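K.L.:
Spelled out, the chains give:
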Amino acid sequence: MASSPEPAQSQSAPGVLLAPADVARVVDRMAHQLIEKCAGGGGVGEDAAGLADLVLVGIPTRGAPLARRLAARVEAFSGTAVDVGTVDITLYRDDLRLRGVRALEDTVLPPAGIDGRLVVLVDDVLFSGRSVRAALDALRDLGRPRAVQLAVLVDRGHRELPIRADYVGKNVPTARTQQVRVHLTEVDGTDEVLVTEGAA
Amino acid sequence: MKRHLLDAADLDRADATLVLDTAAQIDQALAGREVKKLPTLRGRTVVNLFYEDSTRTRISFELAAKRLSADVINFSAKGSSVSKGESLKDTALTLEAMGSDAIVVRHGASGAPHRLAHWVRGSVVNAGDGTHEHPTQALLDAYTIRHRLGRLDGVRVVIVGDVLHSRVARSNVWLLSTLGAQVTLVAPPTLLPVGVGSWPVEVSYDLDAVLPKADAVMMLRVQAERMNASFFPSAREYSRRYGLDAHRMAALSDDAIVMHPGPMNRGMEIAADVADSVRSTIVEQVGNGVSVRMAVLYLLLGGASS
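Protein chains in written order, with the numbering used here: chain A, 2 to 201; chain B, 10 to 315.
No wet-lab data here; the hints were simulated from the structure. Here the structure is a predicted model, which means the values were calculated and not measured. For each residue, glycine too, the CB sits at the ideal point set by N, CA and C. Please note that a few of the clues may not be correct.
What the hints assert, rightly or not - Some chain A residues well away from chain B (every beta-carbon gap over 12 Å; in silico):
{"id": "1", "residue": "R26"}
{"id": "2", "residue": "R74"}
{"id": "3", "residue": "K171"}
{"id": "4", "residue": "Q179"}
{"id": "5", "residue": "D192"}
As the list claims (entries may be wrong) - Beta-carbon label-pair distances, calculated as ranges:
{"id": "6", "chain 1": "B", "residue 1": "A118", "chain 2": "A", "residue 2": "G114", "range": "43 to 53 Å"}
{"id": "7", "chain 1": "B", "residue 1": "K11", "chain 2": "A", "residue 2": "T197", "range": "29 to 39 Å"}
{"id": "8", "chain 1": "A", "residue 1": "V109", "chain 2": "B", "residue 2": "A238", "range": "50 to 60 Å"}
{"id": "9", "chain 1": "A", "residue 1": "A148", "chain 2": "B", "residue 2": "I82", "range": "52 to 62 Å"}
Just chain A, same shape as in the assembly:
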């Protein structure tokens, strides 16, 4: 959760917010938080039935591998396999006419669907909140979850909508002019979070 202590940074180069080891630690902590919250607060492995109810849904591009990693860690810690999906939000964005078209990505839901289950949306960076709003719209067309929560690796502030994350890897106060870049091995060949100066 947002109030949890953050892992010590191994600041190797200027602008590097999280190094590979930090990313792994942050994902582990988020996995533990998911287990605590979803398994009824009883602690690790005590009431794993709650986890069967859980679906981790990643928002492409980098939310998707992040969701798979979280699921793998949750399974490693609790012994319960967790369903994973992805939901492409491109067709639900409200800024299409400002930014131009982009290629669409996969939308994949677990065979059991999301009806009546706890969906945790997973994304790399939480910024304006518009991606999350688009994802909520997309979910509404895909089914009716019992509840929807949000997990992000980095919360950089500057919200434009009343949206708050339930699980945050790292809170990073940033200026609007800065850019936060999340790199993941699956997509970029390396794990790191960078903050760079320059217009968004």
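Let chain A serve as the given structure and place chain B on it in line with the hints.
P.N.:
Structure of chain B alone, referenced to chain A:
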């Protein structure tokens, strides 16, 4: 992606592949859903400007636009000011003044969509012009082949029938060769256009000779008025030489498919049992048409700033 979709010949390999990939993603995103509607083009207006009757193409575009939440206006030339003498330009300017973002145009004159594209600020989609092109039909055909056979590169496509008058054939020739397929045209010599020698195709007059090597056979509709216009001796003879019946279909390889852009003349260019066989993709093509047109509208309108 350019602002307009006027010719299949205009599309380069990257753009054409982008359309097909986008259509596949849209198909996958909507599969199994109760609500087949996306909010992508909310607030945009698409005008279907049809100077020729074409219920199937118009409905397909209408459904595509509606599934993307655009507002759709269907404008048919019959019974409109066009019959009072209004020009294409004035009609287009009127529609644009009413706030249309895209005009889907079907016109009997080859090149009408090109002219239209010079007059309006929005996007223009060619939904068939004269004997020139019908690019979204070619895109949906390519999509269907790729979906059924898994690839387009090196696929051998045989297009059979009235190539001379067929905009579907023209668009398919250009698009399929852009995407790496090998196209063979089969038709009576009278129904091949002058200059076909410069097209990136092979030409044959003998259907039976090319069928065993084909991966996809695309039958073209013989238009009723051609049957009496001395392009061939009789409908019966045409059917015997260039029609696809069960006997000819047996010459095809095991996984080859049979396509037809519709509407069909059952018993003329295609036998009823061929049209209803498992090889036939005719119904599938109609469904794919909606996905491909959604992809085109998304790619043309999604990013335009107006």
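K.L.:
Next, verify each hint and record whether it holds.
P.N.:
Checked hints:
{"no.": "1", "hint": "R26", "verdict": "holds (35 Å)"}
{"no.": "2", "hint": "R74", "verdict": "holds (28 Å)"}
{"no.": "3", "hint": "K171", "verdict": "holds (32 Å)"}
{"no.": "4", "hint": "Q179", "verdict": "holds (26 Å)"}
{"no.": "5", "hint": "D192", "verdict": "holds (28 Å)"}
{"no.": "6", "hint": "B/A118 <-> A/G114: 43 to 53 Å", "verdict": "holds (51 Å)"}
{"no.": "7", "hint": "B/K11 <-> A/T197: 29 to 39 Å", "verdict": "holds (33 Å)"}
{"no.": "8", "hint": "A/V109 <-> B/A238: 50 to 60 Å", "verdict": "holds (53 Å)"}
{"no.": "9", "hint": "A/A148 <-> B/I82: 52 to 62 Å", "verdict": "violated (41 Å)"}
Hint 9 from the earlier list is the only one contradicted by this structure; the remaining hints agree with it.
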